[in-house]
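Chains as they are written, first to last, in this note's numbering: chain A, 1 to 393; chain R, 1001 to 1134.
Hints listed in this document are in silico derivations from the structure and should not be mistaken for laboratory results.
Hints should not be assumed to be uniformly reliable.
[Stated by the list, open to error] Where chain R lies over chain A, by a calculated footprint (3+ residues, C-beta under 8 Å):
id : region
1  : 122-129
2  : 144-158
3  : 189-196
4  : 241-250
[Unchecked claim] Just the calculated beta-carbon pair ranges, DEER-fashion:
id : chain 1 : residue 1 : chain 2 : residue 2 : range
5  : A       : Phe72     : R       : Ala1035   : 42 to 52 Å
6  : A       : Asn2      : R       : Glu1092   : 57 to 67 Å
7  : A       : His148    : R       : Asn1123   : 54 to 64 Å
8  : R       : Gly1026   : A       : Ala97     : 54 to 64 Å
9  : A       : Gly297    : R       : Ala1035   : 31 to 41 Å
Think of the CB as a built atom: it goes at the ideal place given N, C-alpha and C, for glycine as much as any other residue.
So you can see what is in the structure, the chains are spelled out below.
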Amino acid sequence: MNGDRDIAIVGVHATRQQRKSGRTLVSMWRESILGALDDAGIPIEEVDGYISYMFPAGNGMGWDDGAIAEQFGRPMAFTAQTSGAKAVLLAGSVIRAGLAKVVIIPAAGAQSLAGDMATYTRPTFEFTEWTGSMTPAQYGIMARRHMHDYGTTIEQMADIALNSHLNAAVNPQAVRYGQEPQTRETILNGRMIADPLTQPMCSIVNDGASCIVVTSAERAKDCRHDPVWVIGGACETHGNSYFEAPSLRMLGTRDLMIDGFRRAGVRHDDVDIVMCYDHFAHGPIVQFETLGFCEPGEGGDYVPQAIRPDGVHPSSMDGGNMAYSHNMIPYNFKQIEVVKQMRNVVEDLCPGWREGVHTYDRSICRKVRDPKLSVGCGPLTDARHAFTILAKD
Amino acid sequence: MTDFAQVPLPRPTALSQPFWDAANEGRLILQRCGACGVYRWTPQILCTACLSEEFSWEEVSGRGTLYSYTIVHRAPLAAFETPYVLATVELEEGPLMLTQIVESAHERLAVDAPVEVAFTRANEAINLYTFRLS
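Chain R with its partners taken away, still in its complex shape (with noise of 0.2 Å):
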């Protein structure tokens, strides 16, 4: 189980704060577009569908799937406990979210299988948008 308060931790921009304040509450936000309606990963200063720069920050269910996954045993960094698990998520809205699955057997992963938000909190300022099996 990866340490989280020895990573490389987000250091939030002007753009990207009030998805940290949020995540920080215990709350998934994603930008919506404010022209076309469709929710974009990672944050952009402009709609990645339509180019608008009108969007919302909005709530999301934290749900998806688990679109696919790797056991990681050899780690970029020692602060990363191997084996941890590296994964892509589907999320309900449609984005696709690159995340940690924790608190989850290894054994019952399974690309497709639903997942939610669990949130992993490194230190009184970044709570992290990790994954769990649902």
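If we strip away everything but chain A, and leave its shape as in the complex, we get (with noise of 0.2 Å):
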């Protein structure tokens, strides 16, 4: 994984992202499974390696590794939980040392029945549950303290939820697809959530499901498409989101991030997309100085120019977190898109878009021109970091 193209991303998929499905966990995560197996050629009896958190918690108790193995009646090599770039990383280390040869990284969320607001980052904690704390509240504070030490403006942040919004209003996938347009002054006149955050600057709620499926070089030649290689990344874990006070400490692991680049002989200047993790309106900024892709307190001029799908590194071009869909662990989709690009199958307005012919006008397209090196983050918050390095031939 340090540019070695052994490790191959050959199947996604992800299921209709919507509110208030009325599906069940199972039956969403069953679907991609199935879809991303079938999307990649690769019958579900080669399976040998499973990459998931413990969702779907189909007895109460959360499918753990035993659990799984008891649904796919037979043994698995290889499991643990995890998701999104650092599940792909470790499908990457599992292939490689021979612990397993085809690994699924499925990723499945119901959340939206339990009302507007996630719950689960609210945890039942004596030293923040009496404070009212809740997601958006947590990432306003965070926000704020980007624009105090770095003069970010609002008007910034409100340009990268613009871009995603402008993404999925050409995305028929999202979740916001079809719904009221925005412009910069509908999302800095939005519903104040929690300030300087508004409606439209936050992650959506929604239910639905994904998988990625990561195998060999050697298998990956006989896939249905061709293969996306994973040649580097690099995670860390930084602390206890929910819990603990936020800050911006995210922003102290650069180097490590840096590296990541290093160690698989990567410039910054030759990535085409970074698929960042757009949870609220400020995260790409702190994301793309975390990852060194500008310095910290560059972002906010240099990020909203950049994430447009014709910008230097395009981001959240199916929509992202704030309007294609957050399904509580949308981790997945950020590789998924990259995937998708890079392999020119993106659905938007086009009317050539399934024989992969785009036409680069932005009121009915968000394809990327050519991508051939890609960054997917995900989990990338202010304390769980991850990414890949994506590349095709």
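Once you've looked at the hints, go ahead and assemble the two chains, each given alone in its own frame, into the complex.
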């Protein structure tokens, strides 16, 4: 994984992402796995590795590794609990070590039945629950500190959110597709949730599942699509989100993140797509700084332009957490969008999208021109960081 | 202003009971490592700097600065009457603390402003470590 092209993402699938789907976690989980394996052209009998958070909680106790093996009716060579970029990096290491040959990474969430606000970020914890802490408030605290330290403006953050909303407006798969169009003004004047964050600057809450299939270069030869190589990345766990006081400590991990690029032999300037983790409008600004695409404090000026589909490092082309999907564990989506962009299978409103023909007119198009080298983030928040570097031949 | 009698109140554990007992007397205490001397928050069995098992509870100044804050307009539960101020306070002794800012005009709030603990009683057993602008 130090620039080598020996591990690949060969299959991806996302179910329909929607609010109050009425579907069970197990049903969406199943569809995502079968869909991703079909995309790869690998029969389910070959799956011998499983990496996922302990969702869905089928028996109320969570699906631990024993329950997973029972469900598949045979032994699993390797299981672990994580998701997104970190799961892809782990799968690569496991396959390279010979511990498994085909690893699936499903992620299913059904959180919108619980209401309009995510509940899992409000732990029953004696030092947070009484304060009225909840997700947007935690990140509102971080956004304000970034504004104070670096002069980041509310307009810059609104433009981050606008990029996600404009992309969702041309992605028929996005939860917010077909809803009222957003502008910088509607975002700034949106319903205030936890200032400075208005509702359009926050993640949405919905149901859905996704799955990624990772295997070796040798097995990838016989798969349905060209491989997307996992050539590098980095991860770090920094603390316990939602239990501890929010701060901008993630910038402290900069050196470790930048080292991930060095190990892979990749220069930041050579990267096309940077699918960052747009959980809140300030997120991509801090993440670009943390990953080393710009210096701390430069993100406010740099990122809003960079992440547009025609920018130097496009992000959130699917609409991201703010407008495509936040199904509680949306990390896989960042990998999946990179794969779809690099395969040139991007559904938008361009008449020829099925044939891979795009107009690059933003009013109907969300395709990035010919990406060859991409970064897929997530999680990438205050406390947990991971990103992959993905490449195509 | 939040009616703290109506919110989900802390259920002290064996580890945190001394903190809540002191709070009930209007004193803010933190764990301090017996080996390296570092203060920590939230309560932990082991030192988060050196993993030592040795610690004492020590009364701290109750003073700090407003690391950052948000004015919450959409509450997770109805008992939290909006708007209210959720904040990270940086204590003089080092740790960051999540809390509510009370008794302070919102227009006077500013990052790095000096703050001090201003306990708010929820019931006979629980006295909450809210803060206010100094």
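Consistency of the hints with the structure:
1. 122-129: With 6 residues closer than 8 Å to chain R, the region 122-129 of chain A meets the three-residue bar; holds.
2. 144-158: That given contact holds, which follows from 3 residues of the region 144-158 of chain A lying within Cβ reach (below 8 Å) of chain R.
3. 189-196: Since 6 is at least three, the answer is holds.
4. 241-250: holds (count 5)
5. A:Phe72 with R:Ala1035: 42 to 52 Å: holds, 48 Å
6. A:Asn2 with R:Glu1092: 57 to 67 Å: Cβ of Asn2 (chain A) to Cβ of Glu1092 (chain R): about 45 Å, so the range 57 to 67 Å is violated.
7. A:His148 with R:Asn1123: 54 to 64 Å: With Cβ atoms ~36 Å apart, the hint is violated.
8. R:Gly1026 with A:Ala97: 54 to 64 Å: holds, 57 Å
9. A:Gly297 with R:Ala1035: 31 to 41 Å: Holds, at about 37 Å.
Of the numbered hints stated above, those contradicted by the structure are hints 6 and 7, listed in ascending order.
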